[in-house]
Structure formats: C-alpha cells, structure tokens
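Residue strings, one per chain:
There are 2 protein chains.
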Amino acid sequence: MLKTVLIGSLGGAAVLTVGILLGHYAIDKGSPAPSWLPDVSRDLDESMLQDFMDAVDNKKIEGFLRDLTKVPHMATSAGDEATVEYMMQHWNDQESGLDQAWRQNYVVYLSFPDPKKPNKVTVVAPNTTVLHTAREREKSYGPDQDDPEVVQPYAAYSPAGTPQGKLVYANQGKPSDYMLLNKTLDLRGTIAICRYGGAGRAEKAINAAPYGVVGVLVYSDPLDINDGLMSDSNETYPHSWYMPPSGVERGSFNTDYGDLLTPYLAAKESTYRIPVENITGIPPIPIQPIGFEDAYVLISDVKLEVFNFAKLKNSSNVMGIIRGSVEPDRYVIYGNHRDSWVHGAIDPSSGTSVMLEVTRVLGRLLKQGRWRPRRSIIFGSWGAEEFGLIGSTEYTEQYYTKLSERTVAYINVDIAVFANATLRASGMPSVQNLIFTAAKQVKAPGLESTSVYDNWLRYSNRTSPAYGTVPRVGYLTGAGSDYAAFVHYLGITAMDFSYTYDRTKTKARIYPAYHTAYDTFDYASRYIDPAIVFLKSAVDLFRSAATQLDQIIKSSDLANEIPLKVRRINDQLMLMDRAFLDPQAFPEKYGFRHVIWASSSSGNATFPGFADAFARASSSGLEGDWFRAHHQISILSQAINGAAHMLMDGFQ
Amino acid sequence: MLKTVLIGSLGGAAVLTVGILLGHYAIDKGSPAPSWLPDVSRDLDESMLQDFMDAVDNKKIEGFLRDLTKVPHMATSAGDEATVEYMMQHWNDQESGLDQAWRQNYVVYLSFPDPKKPNKVTVVAPNTTVLHTAREREKSYGPDQDDPEVVQPYAAYSPAGTPQGKLVYANQGKPSDYMLLNKTLDLRGTIAICRYGGAGRAEKAINAAPYGVVGVLVYSDPLDINDGLMSDSNETYPHSWYMPPSGVERGSFNTDYGDLLTPYLAAKESTYRIPVENITGIPPIPIQPIGFEDAYVLISDVKLEVFNFAKLKNSSNVMGIIRGSVEPDRYVIYGNHRDSWVHGAIDPSSGTSVMLEVTRVLGRLLKQGRWRPRRSIIFGSWGAEEFGLIGSTEYTEQYYTKLSERTVAYINVDIAVFANATLRASGMPSVQNLIFTAAKQVKAPGLESTSVYDNWLRYSNRTSPAYGTVPRVGYLTGAGSDYAAFVHYLGITAMDFSYTYDRTKTKARIYPAYHTAYDTFDYASRYIDPAIVFLKSAVDLFRSAATQLDQIIKSSDLANEIPLKVRRINDQLMLMDRAFLDPQAFPEKYGFRHVIWASSSSGNATFPGFADAFARASSSGLEGDWFRAHHQISILSQAINGAAHMLMDGFQ
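Protein chains in written order, with the numbering used here: chain G, 1 to 652; chain Z, 1 to 652.
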C-alpha cells in the first residue's frame, strides 16, 4: 500500500517541475492590455540563451580557480577572508556584477589543532621508548604543501586527550564492527583503528566509547580510495590522481549540522549559546586521522595525543542577488561553499569558479540592460561548510519564514567536478524532468555529438514503469552538503550537481585527494581536467537548468489565464514539499523534518521514519516497537495527505 | 529595548490590515484588458451591502436558536447528531445553501459520567453514617432540566476513584494556595474544595496532587458568579439570570487542547493513538464539580465517588464553503462550535444561530447569482469544543500546510452574546483597524443614534500614543475557544467576537448559567436578550468585518499595479504572523508555538517565553535561569527579525 502511495506522490511531484515553469507562458503576450501587462510578460528572451553560452569563457574559469586556490582557505582563516573579498569584488563589479552583494556574518563554534602543540600518534614500548612517530604533516611534493597555513590533519570537534592503549583494528567503526570485536576481545582501554567509510566520521568514536575504547584512529584505506595503489615513487600523486601514502582526509567529526552552540538559531554575536558540555553528536573520546603509510606500521601500544581546541570565530557568507522583474518575491537560490580544508581546488573551488563565471556572464547582461530574470536569483557563497554546513544552515535559520514561503528551488553545486566522465545529479523527484531536459540541451564534454543526457544514460540508469530507461537521479537523504537545511529543515525542492568519474575505471570512494593537502590547482589541472574545458559544460548545465525554470511546459490552456490563477498553480506545486515537513517526525535527529527524505538508520532510502521503526519492530517483535511503527505510518500518512491537498482545490 | 521592538512590530502589524484588503482595489477597472481582466475586478458590489443588511431576519435567528436548543447536544450525543443534520440541511439548501457542505469525522477520546452509577459526594461520620449527600443533578425549574439527556455535572477527564478524607478549603487551587495551606496543615489524605477561577480546571487537581491531596471538589462561588446572590426563592433563575444554588459548571479538565490520544495528528480512525497512561495535562486525582448549595454544607469527612469513564467517539465538524471568484486559494475561515454541555443556548447556540443566518443570507445571494466573494469563505461548525477544542484542532492538524499557506484570517464566534451591553472583541493587533472600521458602520443594539464603536468606547477603552483613545481589543493568548490552534499552532491572524455585559452592573466572572442545565432557550430569551433584536447587530458586525476584508484602504498607488505585485504585498502581510512561530519556543506547552501570543505563567500578556523566563530568573537569581532568559530573547529576536523580513524586500 505504501508503495502505491509513494509512486503516486512521486508522480504527483513530477508535476511540480511543470508548475515551477508555468509563469513564463501564462500570459497571452498579444492581448490588448493595461499598462502593467507588458511587464508581466517580460522574461528571458530566447535569443539571450545563445549570448549566454557564447559568453562563457574557459580562461576566466581557470583564472578564478587559480586565484581561489593560491593559498589554503580553511573557514575563518586569512585565506578564507581573501576569498570573501574576492567574491565581493566580482559581485560588485560595475560591468559584470549583480544587483547587490553583501557579506553575512555569523559567530560560529569551530575546532582546530594547536599549531604550537601538534597532535601526535606514537608507538610506545612497555618501557615508554617511542618506537614510531606518525607524521604530523603530509609529505610535500611542491610549494602548495609547504605553505605554513596548511592545517595539520585532525578531526574537528574531537576532544583533546592523550590516551594510550593496545591497538585494535575495528574495520569501519560501525556498531556491528565493535559488537563483533567485543565478542572475542576486551575493548576496554584499547585504541581502535578504522578505515574511512561505512559509518560517519564522528560515529566511529561515538560507537566505540560504550565498549571502553579510549581513542580512535582513522585512515583512508588504499583499497577504498586508491584502487589499491600505494607507492609514491610511481603510483600516487604527483604521478597520478591517487593519494600519497602520507595523505590524510581531514573532516568535521559531528553528526548534527549547523553551528553546534546555537541549535535552530542563527549564530549572531548576541545569540544565546548552549553550554559546551550540552553539545551532542561529537566524539566522546579523542580521535585522529592518519595516512595509510602510518596506519600500516602501527602495532602494539599506541599513544594518541590530541590537543584540539574550540573557538568562536567570525564566519562569512557572501550573498548576491539579481532581482526578478515580474515575481521578485519568488527565489531560485544557487549555492556553493567557499571554505576548504586546505587549498581545496576541487572541494569546493571548482564549484566556486563555476559560480563566479555564471555570475559574471549573467551580471554583464544585467548591467547592459539586456536581461533580467522573471524571478529573483539569490547566490550564496557559504562559509564554514567543512565544519558542518554551518554558513548555509545559519542562513536558513535567520530567514526561516521568508525562505520557506518564497523559495521555488535550491540548486547546490559543491564540488563541480570530481572527474569528467559523466554528470552526477541528485534531487527531489519533482525536478527529474527539469534536469533531464536541461541535460539534453547540453553537449557532453569532449563528445561533440553526444548530449550530457545520453552520456549520463550510458553510465548510470534505471528503468521505471512511468518513464522507461532514464538516467539515475540520486536522492538528497543525508546532510552531505549545503542542501541539507533547505531540504530537511525548510522542505524546499533542491538539486545537487557535479561531474564525476567512470565507476568502471576506478573504485575510489571519492577522488583520492579529498580533504588532503594535495587537493590543489596543480592536482586539479593535471588529473581532473587538464584543459578545464569541460567546466563549460557544467556552466552550460546550470545556465540551462536555471533558464529552464521558466520554460519546459507550454500549456496552451494557461495562455489566457489570469496571473493569479497561474500563481495559484505554481504555489500549489512549490509548497507541496513543505507539506512533508513534520517537526515531530524525528525527535532524535537534529534538523531533520522531511518525512520522505530524512536519512534512515536502516538504510532505506525513503520513508525513513517508518522504515526504521518497521525494521526495528520486525527484528525485536516488541509490541511497543510495533506501536512506534504505527505512529510513523500515521505521521507519514498525514504528511502525504497534506501534500496531496496542496495540489487539490477542495478540502474533502 | 524590547518595548521599542514590540511597539515597532505592533505598528508594523497594523499594516497587515491594509494588506488584507489591497486585492479589491488593485486593478484598474477602466483599462482595456485581456479576457480575464473583468474577472479579476469582480467583487462584492457595494450595493450588495444594503441587500445583505435588509435580508437579515431576526425571526429566523430566533427560530434557529429554538431548534438548536430543543434538546441537550453534548458532543457526540444524539442531540449533537441532530444539529449536524440540521446544519447540513441548511447549508445544502437549494435556495440559500453554500457551494458545498460536508461532514468531517474524527474519532476522539472523550470522558463521561456513568449514567448507571452517578458520581457522588457525601459527608460521612466516623462510624460511616452518611450525614449529607450532595445533589447528583441540578434542581429542575422546567421541562429543559427534566430532559433525561441532561448530563450529570462532572469533570471530564477526571480519573475514576472513591477517595475519602477531611475537607480543606484551598481557595482557587493555585500553586500558591496549596503552598500556603501546606505550611499549617498536613494535606496528605485530604480532599480539597476550591472555587472556580484563578487556575485552570485541571490545574486545581494537578497542583494538589504533589501534597498528597486525594480528591478535589470545585464549585462556583456566589461572589464570583452571582454578585453574591444565593436564594432561588427570589434571587436566582428563574427569577433572574443568576445561577441557582444547585447549578454546577461542567467543563473539560485538561490543559492540552485537541484530541488527547493523537497529539499533532488528525484523529482519523486509523491514526496511531498514544497509550492512555501517557496522556499529560489531566487530573491525577478524582475531581468533581458541585453547586454552592452543597459546598456550603460540607464539613468534616467527605467521600468522593467518581465513576467517569473514557471512550473513543465519532465527532463531526460540519464544513461549508463559498468559493472565491478571483483568489479561491485565499481563505477567510469563520468558525463556531456546535456542541454544548447541556442545551447550550448561549454557549454556543447563540453563535451557531448567527452563523446560520449569515450563511442563509450569503447563500441566497449566491444561489441567485448576484454575488460571489473575491476570496473563498470557509464555514466551520466545530464538534467537541467543550472537551478541549477538539474539532477545530483536529481540522488544523489534518490540513496543516494548506491552511497555513492560504488562510488570510480566522474569525471565531463562540458565545455570540453574553449580554447586550457592548461589543467584546479580541484579536491580533493587525486586525484592530479592521474591527474598528466595522464597528463604526454598525448601530449599537437599542441605541439607534450610537454606533457599536462609540458604545464600545464608552465601556472599555485605552489610550495609545499612536491612536489616541480607542476601544480596548483583547488578546488571544490562551486556549479559551477554537481560535487556539489557528493562532498558536498555525500562526494565523484571528479575531474573536461577542456581545457582553456591563461590568459596572455585575461582577459575574461569566454569565451565571455557563455550563449548567439552566443555559436554555428560556434563560437566553428572558435574561439575555428578550427580543433577540440585538443579534442583528452581531450579524451586521460579522457581515461588515467580512466585507471590510476587501475594503478599508484605497491606495491609489496600487490602482495601476499588476495583480502579482498586489498579491506579493498581501502575502507579506498575511505571512508575517507565521514568522512568529517557533516549534522550539515552548517545549513544555502543548500546541503553543507563537512567541508573542502564547499563554504566560507569569501572567504577562506578551512575549510569554521571555516574560516567564525573566520572572523565574529574577526570583531565583540562578545563573542557569538567566541563561534560559537569554535563550528566550534569542528565540524572540530571531522571530521578530524574521517577521520584519517578511515585510521587507531585501535580505540585509
């Protein structure tokens, strides 16, 4: 029964795409009209599309990327401040800037290693002799790694501490991994070593602590990230895109998103902050990431010295807007985070460069008076994403009602390019058609006779009863990038785009330099896309998606309809997703309220609340658990009915 | 500083009234136009107003009241079902019905006395001799009280139980009352007797239980309700409107509103229900209301026998709609509950009769094709209000998103007339001007040369810096009638109207027959308004308020504006109040989310979260309490900023 409901709501949701675009064609442009009527019909002229595409300049994008990645720009560092000013300068440009650009500041709680007292991992003999000391910095292969601003590999939000104990290998640090280990070993007083993957970063420590584990190490396994390659003499960077043996993936080790001291409140200077000891979802025991070079030599007694400290810091979003001509109170928001762990050439500067080129081209047409969109476009260059999606989350908290009521769609581009094989797109079902249409209009990079759509179909597809064989569009179920608050807290239709690699050619879990000191301009230009030409396609795709927002459906029935009727239909579709929000649905999950797209512990992609409750009840057989499953069905059913009612005129 | 903010947002909120009405005058009717333009301008013709007023028929209203109060119609009883059918028949009438009318069913958890085993209060001597037995039914003065369907006076949701103990007088049963008593008496094992008022019904028992009190009696004190009069030989009903000595105020004894088994979910048949033992906010010990006749003779050991039982029952809302011509997706909702405790002539049938006359007159114009409103008007005849606002609350839960996004205003008329001295109006500040303008257009009942406004000003006024001396408009801070879910859970602008008595002539806390078997057609027609003529004014007032929704402001600037711009301004104003909702603001208060209008424990009428936290911190001086006050300031400040942003175009 649920399946029918799901399919029904997926089908219904597809109508949303139609609705987003109705406004454009709703007005009969030929009618004799009151003075304001031409204004209503004013919109993107089709001839502008070609202008836009011609104006995209690969050299510009390359220049942006080079400038953005000159120095490390970790959130709130001097390098980050330089990128804020760089964005502001471009968005305020007289000839190619936006209508308005400004900086939005938050005071956020971040965690750093102590430069004067670096974190340490050592192997000690029983007589306290140090047998081995793990690297404190990654090996240098050029000036980028030599930059003193490269932050030591560390686990943000790990508590400080200096535990020592026997090392045990705990696979991926999942609950089942520790449960299994615990059957044969006394884990009390041990230090666990885990590979990345399988469980969230913080979870590797959170799962370990109940067994008495005193510290955790985490490393990137060459099988997971390097297709097994391990030698930097000829196999890894700088010889290929693979991670060198000393490379370490940094990351934020927290399960909740947004600023940890101001849950549900924007982190302004005067905002109330919860006591630090009340923070939830961070490691209860010290944890430290290391390279596989060190992971492979660690034996016996390991001493872990973590000196992380936390600090309130000023973090900035840079915001820009192009005001809509006809419906300025409807927003399409395009976001990308700006901060990186080190130089962040791929994550996130590839996306930032694309955004800068998009705004340059749109801004030029705007300043020339040749174009203005029907709806407002808001650009967000988010700060402190790497520490937990902080900039975008605080923004949604601050403007909660306005954004909820008016935002038509949120488009996220974080890492624009992992590689250049194929498009990777995720989004709500309602935007699938929009994405497909856009993908059909753009040629695949390096494949002049193949569209992005056809190329994508070749790499990743699925067969659906309604649509036949179509490319596979991913879900936005987790909190992997800045779409999280938009999807899970505000219920706004969202999309996330990148170009990615050929999964038949590499099994890498993610591009190998991810969150390391090797994610540099040099790395990106040598191994990701030597000519940066394919970036044009990413830009084209965004252009196409954004302009398509007013295009796809030409409903002749609506051509003579009054603007308020068109708006009504659009609003029905825009707000349908909001009906899936239920603040009571997931009391135990911070910031998750969307009953379809929240993350699921049982790994079920949809209806997470019910899926988890059902899995639990099936396994325990307890009456109370079955009651909880019933409760979740009721929550779900009320939400689906509420959404259906947004699409209906009556109330019965 | 907060005061400036408050005044600012009150002032800003006043603009809302303007906005609600912009649509009507936004279109230049003289323009040459596309085919749909005349439709946009179609609205209530001014000449209709006079037709409407002329059509109101006092005899009809009297007839409705007589029919509705023929038999007791407690929620879900046979009498209630008869009123459902009566409403349906009128709203489906071919000549004066609405566009559509239907019944909306919920399965709700109600509590009743056992007809076969009535609740008892007795005074027993140490040797178990019964010295006095309190009345089980109110004394009869006519056939209405003889009706076997008159429910025994009882406390709905009181647990069953037969406690016995020494009687102690606990004033109003407030926390401070029990605290004071406890200083001189051991309350363990006692039965407390309290008068109505000062604390909520359920609270009198909830406050008592921690001291070991085993049962509670509650009565209406003649000083509170009867201006001290007590004798039914010449002072009380049937000689006057005062409560006879045996009269008992019934009521629901619960602090949370809506169906108690389905919090935040509509109580459909299949909905998950929490276990009965998890219900919060109901009396933990037996409680029973009695008449002052018995209250005054109780002494020494009292035995209380309560045999209440709870049951799932089918309760119906009757819903009707007149669809809007131009903006059918904007709703004005007009609600009144239908169920009573006994015959309920004043509470609520006076309001139901007014509603039936309003719909008859509007429906006739509609069926004749002479009129259709610009926006849709939804009529709600709510069920089971007396048990905790259940019908209206379940309705808002079921259609949560649709109602949130589209409802312009909720107008509540519960008891239309307490008496005929003056108007009593409560509402958000944003509708103050709307109410004033409407009140100026209607003559006061029985005072042909005085407007309702001028008469009101004479009875109740205040002086404000912005408006000079104006009538006093009350707040909707509690959960006293069906506006609660609309205001506190959905954040919809609401108003509540009644005619009330002259406070200089009586100190009665409420009309004396409230919730007794004496609230009958006989009582209403003899002591409230012998000729029922003033009801016409109540009807006129509603008519005026409803039509004023499209009238007050004629902004010439907007006359040539495009419909979408007008809609934008209207939406800004309509949605401003939603920005004051914060699901995290009052974790301990069920269904309260509006940071300005929630009820306050410290008795402060606005900013309840902060006011309560501040009062607590000031009294305790504890650092943790000051932190909580700071937290509340942050919640409030984010909400106020969010609301201000709804009124602004930019984001900075």
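Hints listed in this document are in silico derivations from the structure and should not be mistaken for laboratory results. Where hints are given, some of them may not hold.
You can't tell identical chains apart in this list, so a pair holds if it fits in one copy or across any two.
Said to hold, decoys possible - Pairs of lysine to aspartate or glutamate residues, derived as DMTMM-like cross-links and limited to a Cα-Cα distance of at most 25 Å, are as follows:
(1) K268 / D625
(2) K565 / D329
(3) K268 / E623
(4) K565 / D99
(5) K589 / D571
(6) K70 / E136
(7) K311 / E623
(8) K60 / D454
(9) K443 / E62
(10) K139 / D67
(11) K60 / E448
(12) K139 / D232
(13) K117 / D454
(14) K183 / D232
(15) K440 / D625
Only a predicted model underlies this, so the values are computations on that prediction, with no experimental measurement involved.
Go through the numbered hints given earlier and state which of them the structure violates, listing their numbers in rising order. 5, 8, 13, 14, 15
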